[in-house]
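Chains A and B, in that order, are what the protein sequence lines are.
Just so you know, we're using our numbering here: the first sequence kicks off at 1 and counts up by one.
Just so you know, we're using our numbering here: the second sequence kicks off at 1001 and counts up by one.
I should point out that these hints are in silico values taken from the structure, not numbers from a laboratory.
There are no misleading hints in this set.
Partial list, derived from the structure: chain A residues whose beta carbon lies under 7 Å from chain B:
(1) 45
(2) 48
(3) 106
Here are some chain B residues the structure puts well away from chain A; computed CB gaps all over 12 Å:
(4) 1013
(5) 1026
(6) 1029
(7) 1030
(8) 1058
(9) 1064
(10) 1084
(11) 1111
(12) 1113
Ideal placement from N, C-alpha and C gives every residue a C-beta, glycine not left out.
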Amino acid sequence: EPEVTQTPSHQVTQMGQEVILRCVPISNHLYFYWYRQILGQKVEFLVSFYNNEISEKSEIFDDQFSVERPDGSNFTLKIRSTKLEDSAMYFCASRFFQGVSYGYTFGSGTRLTVV
Amino acid sequence: AQTVTQSQPEMSVQEAETVTLSCTYDTSESDYYLFWYKQPPSRQMILVIRQEAYKQQNATENRFSVNFQKAAKSFSLKISDSQLGDAAMYFCAYRRGSQGNLIFGKGTKLSVKP
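Isolated chain B (complex conformation):
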């Protein structure tokens, strides 16, 4: 069975600094997708970034980028120029193939200090 592990229950970053959130996963599949979701206090789930496993190039969305290491089964999220609005729970998620459901990690609570 696939699993997703986020080893950092909480992280803290100074405003304008850079922070990296870790995620590892376990799978024997070759076709899969990886996601980072943000959950602010409102508890809505907001997609931050996604990565297709077949792509070697790391995904980037503005201040958010990933470091996808397929052999190591690692998928970390880097937030550059952190802003107060980035404070939230961040969930790493895995999906098998094109039709599987999402498997989430336990989340990392990110605090941003002014």
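If we strip away everything but chain A, and leave its shape as in the complex, we get:
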């Protein structure tokens, strides 16, 4: 079964450093998303991406965050200057518009630890 692949599985970074989280969505999917989950809390929407542009973003997704689909396969989330509170599990998800199905497929997540 097709999977959404995220790398790395775990990243440790120093506060103030830039990080790039990578995702390879399912190849025929058209919509891409980033969500995050701070430990012990609920999963929160960050941003959605369609047709090579951001279609929706949350209040969390401020100027420190950016997304790209640089080569038609990878979908990246960049955090420019990490803060301690950015420590969380980051999930990539993709979706293919299948009429009424609208199913999301999530990746296994990247655990980001900011020290």
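Based on these hints, arrange chain B on the given structure of chain A.
Here is chain B on its own, set in the frame of chain A:
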């Protein structure tokens, strides 16, 4: 704004028994979709079941079924014949229309006792 509420932070069930996890939501939309996701200790998000709001029939996937009460804005998950592998966090989620993002509840941690 839409909200999703899971009022049970933790639940426990005996193996082979049935358990029901509660979820309520608040929306003024008529076109929306509801989901239950399972998050095992590996923290991967796995879709368990989904329900289209326009469908009156409750969705069923093997041992998993929902009780969708649209007027009450309630969407509970029933797990029958619980198995040890069902132990996980369960998140209820809402999506507005065909293109909205997912809004998650805080989750219910389900333990399964042998």
